[in-house]
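Quick note, the sequences are listed as chains Y and B, same order.
First residue of the first sequence: 146, per our numbering; consecutive thereafter.
First residue of the second sequence: 146, per our numbering; consecutive thereafter.
By construction, these hints were calculated from the structure, which means they are not laboratory data.
What you are looking at is a predicted structure, and each value in this text was computed from that prediction instead of being measured.
A virtual CB, placed ideally from N, CA and C, is assigned to each residue, including glycine.
One thing to keep in mind: the hints can contain errors.
Here are some of the chain B residues that sit facing chain Y, going by a computed Cβ distance under 10 Å [to be verified]:
#: 1; residue: Gln203
#: 2; residue: Pro299
#: 3; residue: Tyr342
Residues of chain B placed beyond 12 Å of chain Y at every Cβ, according to the derived structure [unchecked claim]:
#: 4; residue: Thr179
#: 5; residue: Glu186
#: 6; residue: Glu226
#: 7; residue: Thr266
#: 8; residue: Lys328
Restricting the straight-line Cα-Cα distance to at most 25 Å, the calculated cross-link-like pairs of lysine-lysine (BS3-like) are [as the list claims (entries may be wrong)]:
#: 9; chain 1: Y; residue 1: Lys328; chain 2: B; residue 2: Lys172
#: 10; chain 1: B; residue 1: Lys172; chain 2: B; residue 2: Lys217
#: 11; chain 1: Y; residue 1: Lys172; chain 2: B; residue 2: Lys217
#: 12; chain 1: Y; residue 1: Lys337; chain 2: B; residue 2: Lys337
#: 13; chain 1: Y; residue 1: Lys217; chain 2: B; residue 2: Lys217
There are 2 protein chains.
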Amino acid sequence: MHIAILTFDGYNELDSFVALGILNRIKQPDWRVTLCCPSAEVTSMNGVTVRAQPTLEQAHAADAVIVGSGLKTREVVNDPELMARLRLDPTRQLIAAQCSGTWVLAKLGLLDLVPACTDLTSKPWVQEAGVEVLNQPFYARGNIATAGGCLASPYLAAWIIARTQGTEAAAAALHYVAPVGEKEAYVANALKQITPYLPA
Amino acid sequence: MHIAILTFDGYNELDSFVALGILNRIKQPDWRVTLCCPSAEVTSMNGVTVRAQPTLEQAHAADAVIVGSGLKTREVVNDPELMARLRLDPTRQLIAAQCSGTWVLAKLGLLDLVPACTDLTSKPWVQEAGVEVLNQPFYARGNIATAGGCLASPYLAAWIIARTQGTEAAAAALHYVAPVGEKEAYVANALKQITPYLPA
């Protein structure tokens with residue numbers, strides 16, 4: 146199981162790393178979570194330079210993909226060459242987008258007739274791309290999920306874990322990262338957000 | 146205002162980057178948030194390599210310091226040379242520690258007679274260092290704050306903002322990162338955690 150977190154120049158640290166940390170709570174030999182970037186290194190909106198793991202192209206072969214968010218998503222969606230490198234396929238991949246990552250999915254035509262979540266700043270751009278934006282932190286239909294607000298990224302990670310490893314594994318991963326003294330309430334609320342969108 | 150986030154090899158991504166992202170919501174020319182590392186690059190517990198910004202030594206001159214957490218804190222606290230590079234001074238710096246970062250403060254003697262928060266894994270080590278561990282996500286006394294559970298790191302960041310820029314600025318930064326549809330409840334709970342420990 147390879148989960149690729151697409152991380153572009155100008156990326157938002159929370160949107161890439163919170164999901165990465167939570168997904169890595171699954172300890173299985175074939176479970177691999179990577180930052181997929183368009184170049185060998187990318188620098189965040191706040192100046193944090195990270196080294197890419199696989200290239201963007203390898204996301205095509207991943208079992209799940211999270212499209213991260215950032216300050217330069219406008220440049221991503223307006224770069225036809227870069228967009229052409231994102232060959233995502235919801236018929237065989239779980240596809241999740243965080244905040245302005247939802248705009249990328251919209252521009253790729255993956256949200257046609259599917260409502261979505263995004264952050265307040267990206268909302269008008271996603272709407273302009275013809276997608277209905279929901280006033281909630283998480284939504285999924287079939288193999289496509291979206292989240293809005295940096296700290297909704299645990300819900301995206303939990304959805305991927307629940308879809309592939311079951312709800313108990315998702316709850317355990319959330320429990321580990323939740324604040325001490327608030328763990329039960331945090332897990333219960335997170336599961337309340339994602340459970341309605343899991344297959345029966 | 147320089148806030149240094151001490152980030153060691155084997156670091157936990159959430160514990161360094163969530164605080165970094167939230168602290169960077171303050172947009173002022175003299176406001177600077179950096180990853181301070183013992184070497185030019187460090188690699189996280191999950192294989193994410195980041196480039197250090199200032200060196201560890203520069204944390205000595207910072208106005209606030211967050212001691213991050215990670216898989217190799219045992220090696221940090223058992224490395225006298227590395228520990229000697231951490232010249233933290235709560236009489237002139239705000240000092241905050243996340244999860245196993247609390248163990249570093251304990252070993253530096255900064256938590257003598259001060260109870261503290263940490264994660265469930267680090268708890269026995271912090272107790273062994275003679276510090277009372279609280280079953281709550283956040284605690285501060287004077288210029289020293291500690292938090293337990295990765296997702297308690299917004300509370301540490303909010304405490305630093307509240308102490309230097311006021312509670313309204315802290316609330317605004319938290320509001321930005323909170324999940325869509327849960328923003329008011331999230332901010333209210335976070336402020337409830339930190340307000341009792343702010344100067345009257």
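Determine which of the earlier numbered hints do not hold for this structure and return their numbers in increasing order.
1, 3, 4, 5, 7, 8, 9, 10, 13
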